[in-house]
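Enquirer: Chain by chain, the residues run as shown.
2 protein chains.
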Amino acid sequence: MEFDPSRLKYDANGLIPAIAQEAEAGEVLMMAWMNAEAVSRTLETGRVTYWSRSRQAFWIKGETSGHVQDLVEMRIDCDSDCLLLLIRQTGPACHTNRRSCFYRAVREGVEIEIMAPMAASE
Amino acid sequence: MEFDPSRLKYDANGLIPAIAQEAEAGEVLMMAWMNAEAVSRTLETGRVTYWSRSRQAFWIKGETSGHVQDLVEMRIDCDSDCLLLLIRQTGPACHTNRRSCFYRAVREGVEIEIMAPMAASE
Chain A
1 MEFDPSRLKY DANGLIPAIA QEAEAGEVLM MAWMNAEAVS RTLETGRVTY WSRSRQAFWI
61 KGETSGHVQD LVEMRIDCDS DCLLLLIRQT GPACHTNRRS CFYRAVREGV EIEIMAPMAA
121 SE
Chain B
1 MEFDPSRLKY DANGLIPAIA QEAEAGEVLM MAWMNAEAVS RTLETGRVTY WSRSRQAFWI
61 KGETSGHVQD LVEMRIDCDS DCLLLLIRQT GPACHTNRRS CFYRAVREGV EIEIMAPMAA
121 SE
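Protein chains in written order, with full-length UniProt numbering: chain A, 1 to 122; chain B, 1 to 122.
Bound-form chain A, shown alone (with noise of 0.2 Å):
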């Protein structure tokens, strides 16, 4: 069947999540928004495009910062109301400079850093 974006079950906002897992190592490295168009886009293209909510505007990932998230697949859930990109990300995903936004995790009831910020060279 043809994929058609029209037919994933947008919120109220007309927004989806979208989970990025790097597609080789498995690594769960952050979770944004799209509208119908910007899945369009990521699949046209090839580069991850989120709809950002606070800028109320198409946000190509890394487009300024080089880190781009090269799609592999896109995988859509049971419910068609969440999206799984499997990517190649480039550098950091997290504006933090670290791999990945989840970066924080709580271990007997303490919440700590597991992760550090990248050397501009990686």
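Quick caveat, the hints were computed from the structure, so don't treat them as lab data.
C-beta: ideal position from N, C-alpha, C; glycine also.
Hints should not be assumed to be uniformly reliable.
[Unchecked claim] Label-pair ranges, simulated between beta-carbon atoms:
| no. | chain 1 | residue 1 | chain 2 | residue 2 | range |
| --- | --- | --- | --- | --- | --- |
| 1 | A | A119 | B | P117 | 44 to 54 Å |
| 2 | B | D11 | A | I60 | 20 to 30 Å |
| 3 | A | G14 | B | V72 | 14 to 24 Å |
| 4 | A | V110 | B | D81 | 16 to 26 Å |
| 5 | A | N13 | B | S40 | 20 to 30 Å |
| 6 | B | A57 | A | H95 | 28 to 38 Å |
| 7 | A | S40 | B | S40 | 38 to 48 Å |
| 8 | A | A120 | B | Q56 | 44 to 54 Å |
| 9 | A | R47 | B | E44 | 40 to 50 Å |
| 10 | B | S40 | A | T45 | 37 to 47 Å |
| 11 | A | A120 | B | S6 | 18 to 28 Å |
| 12 | B | S40 | A | I112 | 14 to 24 Å |
| 13 | B | Q56 | A | K9 | 15 to 25 Å |
[Claimed, not checked] Chain B regions said to be covered by chain A (calculated; three or more residues, Cβ under 8 Å):
| no. | stretch |
| --- | --- |
| 14 | 12-26 |
| 15 | 44-55 |
| 16 | 67-77 |
[Said to hold, decoys possible] Far from chain A, by Cβ distances over 10 Å, these chain B residues were calculated:
| no. | residue |
| --- | --- |
| 17 | F3 |
| 18 | A36 |
| 19 | E37 |
| 20 | W59 |
| 21 | T64 |
| 22 | A116 |
| 23 | M118 |
Using the hints provided, position chain B relative to the given structure of chain A.
Expert: Using the frame of chain A, we list chain B on its own:
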């Protein structure tokens, strides 16, 4: 710093998205929602507990099916508005009896199934 679920950023409905990832294999299994109390219960019991938006009730994953999720570690993203749950999944995570809810992929513009339901014994 002691972890305080009330410091997470919840949406207008008081919910935060939580991604469940198999701790060993790294497979992303599903995404569901938690409120602050569900976050607390999950940490206290070690049994992943979501908030069901359709039933408007706590949803101890696998309580009726036996397909429970045991928490290995809870991680928090940079913006404190998304959780990553490293878990051990018993049986299928998806209500369709598939291991993962993300069992459809878009390949060359076509939506295909890439994962079959699990056998009863699995």
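Enquirer: Give a verdict on every hint.
Expert: Hint-by-hint comparison with the structure:
no., hint, verdict
1, A/A119 - B/P117: 44 to 54 Å, "holds (45 Å)"
2, B/D11 - A/I60: 20 to 30 Å, "holds (25 Å)"
3, A/G14 - B/V72: 14 to 24 Å, "violated (35 Å)"
4, A/V110 - B/D81: 16 to 26 Å, "holds (20 Å)"
5, A/N13 - B/S40: 20 to 30 Å, "holds (28 Å)"
6, B/A57 - A/H95: 28 to 38 Å, "holds (36 Å)"
7, A/S40 - B/S40: 38 to 48 Å, "holds (39 Å)"
8, A/A120 - B/Q56: 44 to 54 Å, "holds (48 Å)"
9, A/R47 - B/E44: 40 to 50 Å, "holds (42 Å)"
10, B/S40 - A/T45: 37 to 47 Å, "holds (42 Å)"
11, A/A120 - B/S6: 18 to 28 Å, "violated (36 Å)"
12, B/S40 - A/I112: 14 to 24 Å, "holds (18 Å)"
13, B/Q56 - A/K9: 15 to 25 Å, "holds (18 Å)"
14, 12-26, "holds (count 5)"
15, 44-55, "violated (count 0)"
16, 67-77, "holds (count 5)"
17, F3, "violated (4 Å)"
18, A36, "holds (14 Å)"
19, E37, "holds (16 Å)"
20, W59, "holds (14 Å)"
21, T64, "holds (17 Å)"
22, A116, "holds (14 Å)"
23, M118, "holds (14 Å)"
In summary, the structure is inconsistent with hints 3, 11, 15, 17 from the numbered list given earlier, while agreeing with the others.
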